[in-house]
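> Position chains B, C and D relative to chain A; hints supplied.
Chains as they are written, first to last, in this note's numbering: chain A, 221 to 603; chain B, 221 to 603; chain C, 221 to 603; chain D, 221 to 603.
There may be inaccurate statements among the hints.
Lysine-lysine pairs mimicking DSBU-like chemistry, simulated, CA-CA at most 35 Å apart [to be verified]:
(1) 313/B with 537/C
(2) 585/B with 585/D
(3) 537/C with 595/C
(4) 595/A with 313/D
(5) 537/B with 313/A
(6) 554/B with 585/A
(7) 595/C with 313/B
(8) 537/C with 585/B
(9) 585/D with 513/A
(10) 313/C with 513/D
(11) 512/B with 313/A
(12) 513/D with 554/A
(13) 313/C with 313/B
(14) 512/D with 554/A
(15) 313/B with 538/C
(16) 585/B with 595/B
(17) 313/C with 538/D
(18) 537/D with 313/C
(19) 538/A with 313/D
(20) 585/D with 585/C
(21) 595/C with 585/B
(22) 512/B with 538/B
(23) 554/B with 512/B
(24) 537/C with 595/B
(25) 585/B with 554/C
(26) 554/D with 585/C
(27) 313/D with 537/A
(28) 585/B with 513/B
(29) 585/D with 313/C
(30) 585/B with 313/A
(31) 585/C with 513/C
(32) 595/C with 513/C
(33) 554/D with 313/C
(34) 513/D with 585/D
(35) 585/C with 313/B
(36) 585/A with 585/B
(37) 313/A with 313/B
Please keep in mind that the hints were generated in silico from the structure rather than gathered at the bench. On a predicted model such as this, the values are computed, not experimentally measured, just so you know.
Protein chains: 4
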Amino acid sequence: MTLRTRIYGLLDPESHGHAARQVRTVEVMLILVGISSVSAGTVASLPPGARAVAAFITGIVAVLFFFEYLTRLWVAPENPHLHLVSAGRSRFKWVLSAEGIIDLLAVIPALAMAYGSARLGAESASMFVLVWVLKLATHAPGVGLIARVFHNERSALAAAAALFAIVLFSAATIAHWLEGEHQQEHFGSIPASLWWAVVTLTTTGYGDAVPLSPAGRVLGGVVMLCGISVLALLAGILATGFSAEVRRREFVRIWELVAQVPFFSEVGAIAISDIVDRLRSRSYPAGATVIKKGAAGDSMFFIVSGEVEVFIGERVKKLVDGDFFGEMALLDRKPRSADVVTGTACTMLVLNVADFYQLAGQQPKLISAIEAEAKRRREGDTE
Amino acid sequence: MTLRTRIYGLLDPESHGHAARQVRTVEVMLILVGISSVSAGTVASLPPGARAVAAFITGIVAVLFFFEYLTRLWVAPENPHLHLVSAGRSRFKWVLSAEGIIDLLAVIPALAMAYGSARLGAESASMFVLVWVLKLATHAPGVGLIARVFHNERSALAAAAALFAIVLFSAATIAHWLEGEHQQEHFGSIPASLWWAVVTLTTTGYGDAVPLSPAGRVLGGVVMLCGISVLALLAGILATGFSAEVRRREFVRIWELVAQVPFFSEVGAIAISDIVDRLRSRSYPAGATVIKKGAAGDSMFFIVSGEVEVFIGERVKKLVDGDFFGEMALLDRKPRSADVVTGTACTMLVLNVADFYQLAGQQPKLISAIEAEAKRRREGDTE
Amino acid sequence: MTLRTRIYGLLDPESHGHAARQVRTVEVMLILVGISSVSAGTVASLPPGARAVAAFITGIVAVLFFFEYLTRLWVAPENPHLHLVSAGRSRFKWVLSAEGIIDLLAVIPALAMAYGSARLGAESASMFVLVWVLKLATHAPGVGLIARVFHNERSALAAAAALFAIVLFSAATIAHWLEGEHQQEHFGSIPASLWWAVVTLTTTGYGDAVPLSPAGRVLGGVVMLCGISVLALLAGILATGFSAEVRRREFVRIWELVAQVPFFSEVGAIAISDIVDRLRSRSYPAGATVIKKGAAGDSMFFIVSGEVEVFIGERVKKLVDGDFFGEMALLDRKPRSADVVTGTACTMLVLNVADFYQLAGQQPKLISAIEAEAKRRREGDTE
Amino acid sequence: MTLRTRIYGLLDPESHGHAARQVRTVEVMLILVGISSVSAGTVASLPPGARAVAAFITGIVAVLFFFEYLTRLWVAPENPHLHLVSAGRSRFKWVLSAEGIIDLLAVIPALAMAYGSARLGAESASMFVLVWVLKLATHAPGVGLIARVFHNERSALAAAAALFAIVLFSAATIAHWLEGEHQQEHFGSIPASLWWAVVTLTTTGYGDAVPLSPAGRVLGGVVMLCGISVLALLAGILATGFSAEVRRREFVRIWELVAQVPFFSEVGAIAISDIVDRLRSRSYPAGATVIKKGAAGDSMFFIVSGEVEVFIGERVKKLVDGDFFGEMALLDRKPRSADVVTGTACTMLVLNVADFYQLAGQQPKLISAIEAEAKRRREGDTE
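Pulled out of the complex, with its shape left as it was, chain A reads as follows (with noise of 0.2 Å):
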């Protein structure tokens, strides 16, 4: 693995690795840093002392984005939707997909910052928090996600929109009716009137445009009903979508990991949408500490990749990719009799006691196999 390969696999949006997510988690701060910055760059009545730090912080964050820059154009043939030709080209479709044009865009501040430094007003600044926020829905985990739920859902939503806007209007139409002669300045016109029905079927209610008359306020209490179903049925349709939408990208990643275990394996395709639905998985950096000695037991491991060591009273046992661990406290109810730390980074399987007796039902024969090799391990232990 050349060290460009290593780092494209930090900087993946798409790997879910220990030290890739930590990579991201220090990007996405990074951005709210450098917005924060911008932020307070623009209230007039700081002290120009503290102005300058800010104005510091943000050139630092918008030179780090520069490095940033340099190293995604660099990795960019790494990227297996980019690398079908040579070099070069890939490194010029990323530089004009949407991800390079946010990418260059974030680094304008450093560029702006080094040619005009003190005199940039606060206004142009705060454009720069645009941009860092464009950066962020692009580096944001899980953005994508919730994209894709909107998407697949869209004509849900663009019903529940349509349902909306005829309520807007209607309400809106009414009040300028019922209110607008006397309240010339809130009901005056069907737009002003809008502002009211927003403000209203949204149960926002700032309070400054009010009905007083008895039949705008019942108009009022019913647009408040009419909102609170709105949102009610928004929430309907976004938590199907959004539940349907993670198992669907989980079963995928974790019939990926389940393909890597040799223990599987054995069980038949049939079989294996079982199990799959059941297990989770769970990325350690090395040296973690998955198990402690005492705690509860109450989930067992299959290790994907990586090598984890565990601790029995003075004796050190190493367990590498395809072994499990952990499945004793499962069966016998008993708190862990082990410490087990990870040697390596490690990406794990992990199927908790409520799905593992779930399988026993369906999968018997998965569950027998465990059962036989912890009988081994018993009698390993006592010898």
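Structure of chains B, C and D alone, referenced to chain A:
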């Protein structure tokens, strides 16, 4: 297929083709433009020029609705719900249907403009907003679905409404006792208190009426808590009802499409409901890119109607109704190896990768058939 | 069936017939009219004439409740939960039950009117609102269901309440520290801060107390975020609980209706729970149109009790308990070919098209039986 | 069972017995009383008498917490997570655990009172509220469950938070551009705008900062819509996560109880997960009425531990661990024919009527066994 049949297909609210969906989108946009221009016309402070532009746009939209009305009248005999009798009686039935009446009302602004043009007061113009909102309710996609959900869940919603009424009247009465003496204006009578109660129970919170005594504030806190509980309950009711109704509709639609794909007809009737549950439908206009070479592949496609062209290197392969494609990316987990572009407008069934794997567990024969075909193709390609 | 049995059937809150449901609707309307008239009576600015009308309506409603009380007292021995003893003791037990006491209290306004009529102050009259709200809670349909959901989920709701209390008290204390000095009135003590905290945490936001310091505003933002999380959590708890309870109730009700249809008795006990899950029940008064010729057919009907008349052209066919109809539109996907009108009040089980197809996968024999009958009918029709 | 074991059983947060639950309720009540009395003490306008009462109650609660601390320290060795070592080291470990530290801090007010009593300022007293809120978080039932849900769904919640941040910063920046010039105070800098953005995005809507320009109001409407979408999304995430976690916990708990009922042990391991899914557990104190003669019967009971007495007319029948009762009302759908009262504290498994019927479909043998036993009893009764 006659011209009338074809035009009816574009205007039928239940047709799922690409062109029909575009027609619906244009219609919704047109209604929204019309509503906006009428709304703008009610702003008293608008300069005469802008007002004239708004009136002109309103007129254009109303005239377009007039032609739409004539078109819908002409194609009415194609409507399967109306065509049991003679063409004339079908049209007469349509004119008297809810849709017919609303579409006729939507034309009135055009006539009003023609006769009274500039002298038409803003007040009477604002009436048009409601007529066009009704038209929006008739033609916006998905409003029928939502109406159905509310109808299905009417008994649960009535229970929630009863709960709402119980809390509302109790809160208003108690608030009247606690605060009535000191805040004569806001809590001096039960109807006055009701306004505070509804504003608080829906968590809108205008802030125009606020309890001041400690006991009144405790009551206020309880009412707010009841409010978020009612909202949560409503969300639960609508979420359950919405997902059930969507599932039911999709099932019927997909079932009908599956019946048109010979590949599935070999599967027995018992197995087919597993398959129907997992497929999604998608429509494409002619010339659309369905698959892009090099992209990650997460679904395969079955052609229900239409033609696609597969560009593998220099060669072009034509696939027609009943064929499937895109299965290789699922089986091998590699980027797409060809561009696929629609030759005509197409309707397809899409099988997601997660559903593909899960189906592999439930219907192994179906997946074997797909694998066999994929193998045959790969060998054919290397010939 | 004696008159007393029949009247009890109309008043029983658990009976699902059409007439019983109408009686319940009338009762709820009557209570709401009563509450409204009492409420109107508390408006001091009302002209004496309007006040007299409100008092008159209040009196009428109270008198009607008096007769209702007598009727319910008379039919109490029909109540299966009370009829284990003699009729006299059943009535005595009912008088002392929660329902009996509330229904008695609801009569008091009638007596109060009789004795004190005009001199009865608005203050004491407003007490009636609460009594009638209690009566609404007893008789409104579905309130028992919702109460049951809250009872089932009481431990989860207690957890959410604990979370709410934890955030509430923490927020109030910290806000008191941050804002107490400068805004003595709103944040000067923890109880005062609590008012701000509850208004903010439920996202009501009256705006009467607002943090002004930067730290206070950060706290405010965090509290609002916690507020929408608590609301979301509550929605999750109630959505889960509500859908489980509704499913459970429906299952029992449909199970009992299915037992009355001989057609289903041939299906074994094992298969029946598949069927029960898919059927819905519906009640019709005599003379109602169940199916309209030419309409799209999306469900078939099994008659549990009552008689329907099928109008095919000139002929009229009578179907009775245990028969089914409407299956042809499902099998052929064509508009309805006959009008079907109820001859007597009917209870039916409805099978939706999506459920029909899915059942075809799970219970092929049942569907074959329906198809055989449909074929027999079609041949019979052409004879 | 020693006294220490028994007391530990009462204090163990994971024990589900009736008495343990009452102890937890008392503890929560005590904490809430303490928080209330400290809060009351911060009201400057309180008369000295009331203040003294509040201080006295605070003192009492703190002293009770002192004794509670000693008791928990004493029983620490019974804690299975700590008892691997000697009693002394168990206690030491508990003292250093999060729970131990918080419980110790909760005692401080008692000491503070003892030393400084009246001179203790309201400011420092308010610190106690936070300590006791922490104690509430440790001991309130279900808080651990909710924390677990948030932990499980952390990646989805992070995505929602990122979405929230993206909308928040974009809205604040754009509002600053649109409104900054005219409303210097509220929109003059991005941090100031952020306050408006968060108040609007959570739909709290204090109304202290409101956009006035048309463009600002359009932005406001969009932000409100985003707000209800984010709320809906959050509800979806938490609803999914919450129901999954509850199901998982229940499964494990019921599984362990089922293992103690011999009746179920005859069912094979494969079938048992069907059963576990349908049972619920319930605890009763001694002398509680489980079934009331004449009531409608909608569930049957399996005794896990404890004794019940069945009163059939004059006779009394004793049932012990492993027996079941209440099945006749399910089989015959008639009111309960006997009173059943617990003789000792009992834990039971409850099978609902809907689940009973559904189980009849999946596990016909189990239901036959129950029917056989019911028949045997009925014959025994008539002997």
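> Run the structure past the numbered hints and jot down the numbers of the failing ones, going up.
8, 9, 12, 13, 14, 24, 29, 30, 35, 37
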